[in-house]
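2 protein chains.
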Amino acid sequence: MVIWHITMSLDGFIAGPEDSMDWAVREWSDEGANTRDIEVDRSPIADEVMSSAGAILGGRRWYEAAERLYDGVEGIYGGQWRGPVFVLTHRLPDEADQKSVRFLSVPLAEAVAAARTAADGKNVVIFGANLAQQCLREGLLDEIVIHLAPVLLGDGVRLYESIGTEPIVLTRTEVAATGQLTELRFRV
Amino acid sequence: MVIWHITMSLDGFIAGPEDSMDWAVREWSDEGANTRDIEVDRSPIADEVMSSAGAILGGRRWYEAAERLYDGVEGIYGGQWRGPVFVLTHRLPDEADQKSVRFLSVPLAEAVAAARTAADGKNVVIFGANLAQQCLREGLLDEIVIHLAPVLLGDGVRLYESIGTEPIVLTRTEVAATGQLTELRFRV
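Chains R and V are the protein sequences, given in the same order. Its first residue numbered 1, the first sequence is counted upward by one per residue in my numbering. Its first residue numbered 1, the second sequence is counted upward by one per residue in my numbering.
Calculated directly from the structure, the hints in this document are not laboratory data. Among the hints, a few may not be true.
Which chain V residues stay away from chain R? Per the calculated CB distances, all over 12 Å, these [unchecked claim]:
1. Arg60
2. Thr89
3. Gly139
Label pairs and their in silico Cβ distance ranges [what the hints assert, rightly or not]:
4. Val25/R / Arg42/V: 33 to 43 Å
5. Arg91/V / Ser52/R: 55 to 65 Å
6. Glu161/V / Asp71/R: 32 to 42 Å
All residues carry an ideal CB built from backbone N, CA and C; glycine is no exception.
Same shape as in the complex, but just chain R (with noise of 0.2 Å):
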């Protein structure tokens, strides 16, 4: 399976204005008010995505934001998870592959194929809206889990940029609550 996972304000935003994520962390973090102390391992859903994910494939600007947010994808689900991280980009970077990293610059599907293969039966957790955009529109994502933040941004990176196609009509498999975020699953 191909997993979408992200956290999202209520008024349909992933990231705020210049690619901002304070409002997710804290919505995750001991930092907000004690109603919203959770952590990711509180969490059943994201839980269950982050131990049944056997690759990770995301977008360059996810990798820049995660260089940046999580001092580099190794602290991504809070520093729990190890595996193989895919990046698809247009630019491959100068410097070689990290050792948790590989650089790709080829066509979505293959890029799939690859995280798919290296995943090994377990499931594939896309990063990036771009990228999972993409994966939706091209028919190669399977889920999307997305943990509703009661945030209004107003501003900043979309969950989904109409191409002027018909509404996508997904179907809810799963609901539940954690602190203030409200866990959706969705089959597309």
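Once you've looked at the hints, dock chain V against the given chain R.
Then chain V, alone, in the frame of chain R:
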């Protein structure tokens, strides 16, 4: 209490392009797939909001959409609700007020006060994105009740348009599932 009551797409739109609401009507009607067969009175949260509503305050654009969609404001809530409806507008219509609709061209706070008085101790329900966002910014809104539809629209009327201000953090007080709709209640 002043409550904004809406159906929203998963990606944060409360109406599609050209104010289209067919995606929402489908979620609320028997036209959908079997698993989507729900009606307003089978949603406890929608039912509670409706039955505790003493007056409705809507914007002009909402009013015109209601005329098209429901054949007039008498058709809202499936025709099950009766009471005073106020429409705040910059352009007062030529025709006299209809028996159940009163047009107002006053400052927002005055319109909310008029609706509160008419509600006589019950709640005021707000319809229309523009009006509701103004209420939110002026501190006139107490609650937001959202029926989240598992649909990606990609374009249309957004729940919340930024005016360059800080994110607004809400508190979720209720979450439930009715058919494919996820029902969320927030305190502002």
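Okay, the hints, checked on the actual structure:
1. Arg60: Given that every Cβ of chain R is farther than 12 Å from that of Arg60/V, nearest at about 23 Å, it holds.
2. Thr89: Check passes; 25 Å lies beyond 12 Å.
3. Gly139: The claim stands: Gly139/V keeps its Cβ more than 12 Å from every Cβ of chain R (closest is about 14 Å).
4. Val25/R / Arg42/V: 33 to 43 Å: With a Cβ separation near 38 Å, Val25/R and Arg42/V satisfy 33 to 43 Å, so the hint holds.
5. Arg91/V / Ser52/R: 55 to 65 Å: Check passed, 56 Å falls within 55 to 65 Å.
6. Glu161/V / Asp71/R: 32 to 42 Å: This hint holds: roughly 34 Å between Cβ atoms.
Every hint, counting from the list given before, is met by this structure.
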